[in-house]
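**Student:** Each chain, written out:
Protein chains: 2
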Amino acid sequence: MRYVRTAALALLAACGLAAPFAHAQWQALPDKAPEPTDNPTTPEKVALGRMLYLDPRFSSTGTVSCNSCHNVMLGGEDNRPFAMGVHGQMSGRSAPTVWNSAFYSGQFWDGRAASLEEQAKGPVVNAVEMGMKELDGAMNRVRHIEGYRVAFAKAFGPDAMTVDNAAKAVAAYERTLITPNGPFDRFVKGDKSALSEQQQRGMDLFASAGCIACHSGPAFSGPMLPNGMAFLNKFPTFTDNDYVEKYDFLKDLGRFEVTKNDADKHLFKVPTLRNIALTAPYFHNGAVQTLDEAVRVMAKTQLNRDLSDTEAADLVAFLNALTGEFPEQTMPRLPPTPGTTFEFSSAQ
Amino acid sequence: MRYVRTAALALLAACGLAAPFAHAQWQALPDKAPEPTDNPTTPEKVALGRMLYLDPRFSSTGTVSCNSCHNVMLGGEDNRPFAMGVHGQMSGRSAPTVWNSAFYSGQFWDGRAASLEEQAKGPVVNAVEMGMKELDGAMNRVRHIEGYRVAFAKAFGPDAMTVDNAAKAVAAYERTLITPNGPFDRFVKGDKSALSEQQQRGMDLFASAGCIACHSGPAFSGPMLPNGMAFLNKFPTFTDNDYVEKYDFLKDLGRFEVTKNDADKHLFKVPTLRNIALTAPYFHNGAVQTLDEAVRVMAKTQLNRDLSDTEAADLVAFLNALTGEFPEQTMPRLPPTPGTTFEFSSAQ
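Residue numbers (the numbering used here), protein chains in the order written: chain B, 228 to 575; chain D, 228 to 575.
If we strip away everything but chain B, and leave its shape as in the complex, we get (with noise of 0.2 Å):
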């Protein structure tokens, strides 16, 4: 863990720098999303994550999935501050995309999970969440439910009903959760129609700035590294401004609360802007309600830098061109429990 801090504080270091980026550093968004080599994505996979993903009777009451909170039809979010689970519980942090989020090298706003699979783990057993005692229970309901076992057979051979193979197909599910070709990738491949005279003027600003020291990379999220290394920057960096106390941004210690080291101090990972238009509130604590004034928090709090009504609303205009085209998805049929069901907790 060592190495990871050590990474991310160097690479830390280099955001402090406001130079200009050449245009060849913008890069669109792959149309395929990087894959494990011990996981890679196949259509069965992808059939039996989209399941689970979107089966709610994996949770202690029976109403929460994975995409309760990270919305596949909305920005992969639920456009709440907190994401809010099982009894009407709250989570600690906002709900960030499930977009585009197989191009971050960490997952969690603190980059505690090494990877897709990993994380999908968790909610299913945060009290707050999906509210299970243990993973295992969890997947005791998915054991019950034939049409599971043919799905899982399918994917993963006969016998293979396992919660990594279960978190494997989310994965793989979430792998094929992607939105490339926005306009900011058709300017970039060349359409120079693609962005209006705006959208240039923020782009440029972008990078003069320094947004895209952090920002960098095809899901504007930093460089992938090494698997496990969560690209993290501190946050806020500029303490000593009207906002940080307004938006209560020095209440979560971030990478912090799970390492306890003190040099992990308000360290979260870089967040994906891409679809960025489409997931407000903003920020780690969702403190923040729109995208004008979360690009002015941004330029303050990590760039020192006020900016004026022409600037953000450039910014903004360009990061309204980091909306990419969601692919098309068949509703799937949950596999039932013919005749009965499960005993659902009612009680908090």
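Hints were generated in silico from the structure; no laboratory data involved. Please note that a few of the clues may not be correct.
Given that identical chains are not distinguished, each listed pair holds provided it fits within a single copy or across any two copies.
[Unchecked claim] The list that follows gives simulated cross-link-like pairs (lysine-lysine, DSBU-like), each with its CA atoms no further than 35 Å apart:
1. Lys487 <-> Lys419
2. Lys416 <-> Lys381
3. Lys360 <-> Lys381
4. Lys478 <-> Lys419
5. Lys348 <-> Lys416
6. Lys473 <-> Lys381
Please read these numbers as outputs of a predicted model, since none were measured by experiment.
Given chain B's structure and the hints, the job is docking chain D onto it.
**Tutor:** Using the frame of chain B, we list chain D on its own:
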């Protein structure tokens, strides 16, 4: 309302007769649901209605949609005893399935809504379901979403973003949620191999025992009466048995809760048996966990008959033949609120 009750009671009397029914009375589910003349189904309304149905942003917390409790990826409900709405609050009745609800002449367990259009407005402003204070508050959120403005214009023409039109769109979508061509339907249409011998025995028993007296018609929910007249029945009819106390069937006064007429005590809408295998737990209070137990309860409380194990198994086998074909659906993109979101409720 007097007429509704009288008509229902007259039919109720008929239900007491355990007369055998000729095979000619079996009806396959039509390929198309009936439509009211003032709301013909169009693809534009269906597309809009599907988005509204699946969109959680019109609940107070932004977490509960129609689909949360009437899940179209499952049996059209939530497989819970009582539905769970905003802040983990629970409804006092079990969520009925949305599948084939177009074949009812009245909606809700007590038939208090005359149409799907009227029903659609109920849960939005129910404090423990979607929790909005006023329908117009929900509609104001819809009005703030540009994509919905476009979709309403396509479906209803310009300046048509009203609560009534939203309800019409949802109802139009729900009329597409029908499940024809199940094994029973194929059998009735002439494919004698569509039902097993056990299922055919169950079918004969369903008629000879008298189940079909109330659970008649193409949806096994009784006749479609004039619009707004739900086909009601008394449940439980026979109270001198252990089931009534065990499952607390006398607690809920049914239609009486709406009308306060003594004669309406314990009157409930006769629910469809289509896809009944997918909608455990059973009854208005979701107190019965399995379909096997449900058929024994019904035989005893409605026909004062104790089923043998074989009879119960035959009936369950037959009821499994009422699971139909579910239309493949595309998962809609829900129109966004770029750069901002709504003020969702966090505290109860």
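**Student:** Next, verify each hint and record whether it holds.
**Tutor:** Hint-by-hint comparison with the structure:
1. Lys487 <-> Lys419: The answer is neither: 48 Å in one copy and 69 Å across copies each exceed 35 Å.
2. Lys416 <-> Lys381: between (38 Å within a copy, 34 Å between copies)
3. Lys360 <-> Lys381: Only inside one copy: lysine 360 and lysine 381 sit 28 Å apart there, 47 Å across copies, limit 35 Å.
4. Lys478 <-> Lys419: neither (43 Å within a copy, 69 Å between copies)
5. Lys348 <-> Lys416: neither (37 Å within a copy, 47 Å between copies)
6. Lys473 <-> Lys381: Neither way: lysine 473 and lysine 381 sit 52 Å apart in one copy and 43 Å across, limit 35 Å.
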